[in-house]
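Take these sequences, add in the hints, and give me the full structure.
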Amino acid sequence: MSKELFDKAANVLFAIEKAGFQAYIVGGAVRDYLLGRPVEDIDIASSATPEDMMSIFEKVIPVGIEHGTVIVRYESESFEVTTFRTESSYSDFRHPDVVEYVGDIYTDLARRDYTINAIAMNQHFERIDPFEGEIDLKQATIRTVGPPNERFTEDPLRMMRGIRFVSQIGFHMNERTLHAIQKNAELLQYIAMERIAVEWEKLISGSYVKKAISQFLTSRLIYYIPVFSEDDFIRQTVESLEQPLDHLATFLAICHVKQPKIPIQYWQKQWKLSNQTVNQVISLVRAVNNWEANKSMNWIVYQLPDSLFNSFSLVLMTYQGIHVQSSKLASVQEQLPIQTRNELKVNGNDLMNWFPNQPKGPWISQWLAYIEEAVVDGELSNDHTEISEWIKNESNDT
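Numbering (full-length UniProt numbering), first residue to last: 1 to 398.
One or more of the hints may lead you astray.
[As the list claims (entries may be wrong)] Below 25 Å or equal to it, Euclidean Cα-Cα: the simulated DMTMM-like pairs (lysine to aspartate or glutamate) are:
1) Lys202 - Glu242
2) Lys258 - Glu334
3) Lys210 - Asp246
4) Lys3 - Asp43
5) Lys3 - Glu51
6) Lys8 - Glu77
7) Lys210 - Asp231
8) Lys18 - Asp43
9) Lys272 - Glu292
[Claimed, not checked] Pairwise CB distance ranges, derived in the manner of DEER restraints:
10) Gly146 - Tyr223: 21 to 31 Å
11) Gly36 - Gln259: 34 to 44 Å
12) Ala15 - His67: 17 to 27 Å
It should be emphasised that the hints constitute simulated quantities derived from the structure, not laboratory data.
In this text, a Cβ means the ideal position worked out from N, Cα and C, and glycines have one as well.
Spelled out as structure tokens, the structure:
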């Protein structure tokens with residue numbers, strides 16, 4: 001736990017209470033505090049309205065004022081503060097049609113997803129726990145607040161969140177809750193794929209991913225997620241996940257090398273992937289292809305961004321059971337003769353001077369790529385004269 005962060009939060013609570021309102025730390029911060037897990041951010045629920053908060057604190061950002069939420073900046077930290085509220089039906093399966101402010105924390109806690117997230121804590125660390133979330137924490141159980149069918153009908157993504165919690169904290173799904181997920185699984189198709197992808201990335205990165213995947217398969221949610229629902233090989237890939245993965249791109253690269261018939265562009269369209277994620281997948285797949293083509297480790301590392309070293313290691317381990325430490329990749333990178341093609345001691349103008357009878361064309365880029373790989377592999381020194389002689393010998397041979 002970050003004592004400094006909680007101390008600052010306590011000061012925020014004190015300021016709100018001093019102004020005549022109630023205020024509590026809520027949600028994941030309380031859950032993780034009670035579990036002894038690191039707490040990175042703290043959410044606060046209060047009887048104060050956004051307008052009240054703006055009068056209490058100097059720095060307030062109205063990020064979701066229509067839903068009663070503001071960000072309070074206090075001593076370089078951000079605290080999300082939301083007014084106690086109750087919610088009506090969810091026509092779009094995400095946002096309540098009507099948000100109504102209420103005066104007590106109990107009603108506010110009743111609208112939350114799981115009991116372990118429905119515990120409030122005041123500045124003295126005294127807790128309000130109307131739904132016995134602490135008992136569920138001790139029993140390692142994930143259970144909805146109230147009837148699970150209602151919670152999942154309000155926002156079907158809560159089903160994915162529940163299984164994500166299995167992966168992150170190792171709990172098991174309450175039997176009634178799991179049955180409700182199975183019953184309502186088809187509602188997931190109404191959720192934006194971007195939201196599902198965010199939950200999936202958190203799920204596959206959890207320490208208890210193998211346990212979570214088992215629950216995920218039992219839940220039948222897999223049949224209502226694009227691509228998963230369409231291909232047996234992909235479902236088998238999901239089923240085989242046993243170790244935490246660091247990025248969504250790592251998972252998608254594993255899927256692609258195991259089932260190359262599904263283009264990355266199709267994943268991008270179906271999962272609404274960002275260009276950054278797609279480029280990461282392409283880099284990882286290229287690295288695997290280079291590995292399988294017995295390219296040198298120098299060349300593999302040279303073409304792979306260092307931010308993906310760990311991801312590549314995970315792909316190889318999952319795909320082929322081969323363990324290559326990311327630290328080894330970093331060591332190889334440090335010893336590379338060049339880091340980019342721009343560092344070559346020759347360029348296109350040199351090639352045109354050496355072959356004056358050749359018109360401009362793709363041959364220039366082809367030769368530069370040939371030189372580049374030879375230099376990276378250590379077969380050729382990055383020296384203008386030596387490259388010139390090497391080019392002449394190579395051209396005579398061809």
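For this session: Would you list, in rising numerical order, the hints stated earlier that this structure does not obey?
Result: 2, 5 and 9
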